[in-house]
Amino acid sequence: MSLQSPLGRVLGKGSAKSGFHHWWVERVSGAALVPLGLWFAFAVAALPNYDQETVRQFIGDPCHAVLLVLLAVAASYHSRMGLQVVVEDYVHGKGAKLVVTLLLNFIHAVLGVAMVLAVVRLSLGGAA
Amino acid sequence: MAARERPLSPHLQVYRFAYTMALSILHRATGIALSVGMLLLAWWLVAAAGSEAGYAQMVACLGSLPGKVVLFGFSFAFFYHLCAGLRHLAWDLGHGFEKATARRSGAAVVVVSLVLTAALWALLLRGVA
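Those protein sequences? They're chains A and B, same order as listed.
Note that the working numbering numbers the first sequence so that position 3 is 3, with each residue one more than the last.
Note that the working numbering numbers the second sequence so that position 93 is 1093, with each residue one more than the last.
Since no wrong hints were added, every one of them can be taken at face value.
Pairwise CB distance ranges, derived in the manner of DEER restraints:
#1 Phe42(A) to Gly1054(B): 21 to 29 angstroms
#2 Tyr50(A) to Arg1004(B): 53 to 61 angstroms
#3 Leu1065(B) to Trp39(A): 23 to 31 angstroms
#4 Asp89(A) to Gly1096(B): 22 to 30 angstroms
#5 Leu1089(B) to Tyr90(A): 21 to 29 angstroms
#6 Pro6(A) to Ile1025(B): 33 to 41 angstroms
Over the 12 angstroms line for every Cβ pair with chain A, so calculated as not near, a few chain B residues:
#7 Thr1020
#8 Met1021
#9 Lys1099
Reference listing, derived: stretches of chain A covered by chain B, where coverage requires no fewer than 3 residues with Cβ under 8 angstroms from a Cβ of chain B:
#10 26 to 35
#11 38 to 50
#12 68 to 76
#13 80 to 91
Please keep in mind that the hints were generated in silico from the structure rather than gathered at the bench.
Don't be surprised by glycine CBs; every beta carbon is placed ideally from N, CA and C.
Assemble the whole structure, with the sequences as input and the hints as a guide.
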């Protein structure tokens, strides 16, 4: 898929780096979060109570676990993409931008893995 | 001529204020809030998989009045960002750029996100009232 204009293509101009990819995956993950997020919000609100056992069963249900892993991955990815744009807008200076971006990547990786592992533990019955 | 600093977006000072600008800023603000709020989602999942004491601590914190206020704000931020995100997707597909349409879709985003927030909390608090 190309967003280059015909003239731009002839002149060999266009995104030199991965700008278009960033724009695209931010939208794809956002679109995925619409049904996932709506399902999650209303499914959790509909729980009869929030005892640990009830919540564990909800998360560990095979169908729910699939949706929750997708939610965790899409949300952490989308959040990282969105915050990167914010950083690019407001953090000036190459060094600071690099440090903050790396930090964001690191935090989102930790969060994403933690959420996925929690769901996997409960769905495979590994929780104590 | 001395080298001038080139202007960097976003510009906030050079435009006459229109409420659609506030909506745009709110989209970014709610996005940032949701990123921070994702910590709560992670806490909820990890605590559910973890010890009883840790889970009780999480419930005590999020179930307290300040906790509920944060969750309420979080839920509005979520629905607002979702609706405004759909508006952005329509723009990305090339629809809805006319001034009147953009104003109307902006108002619709606010109304729908408030309705969804109210519906969610009605569901959550059923049986309490």
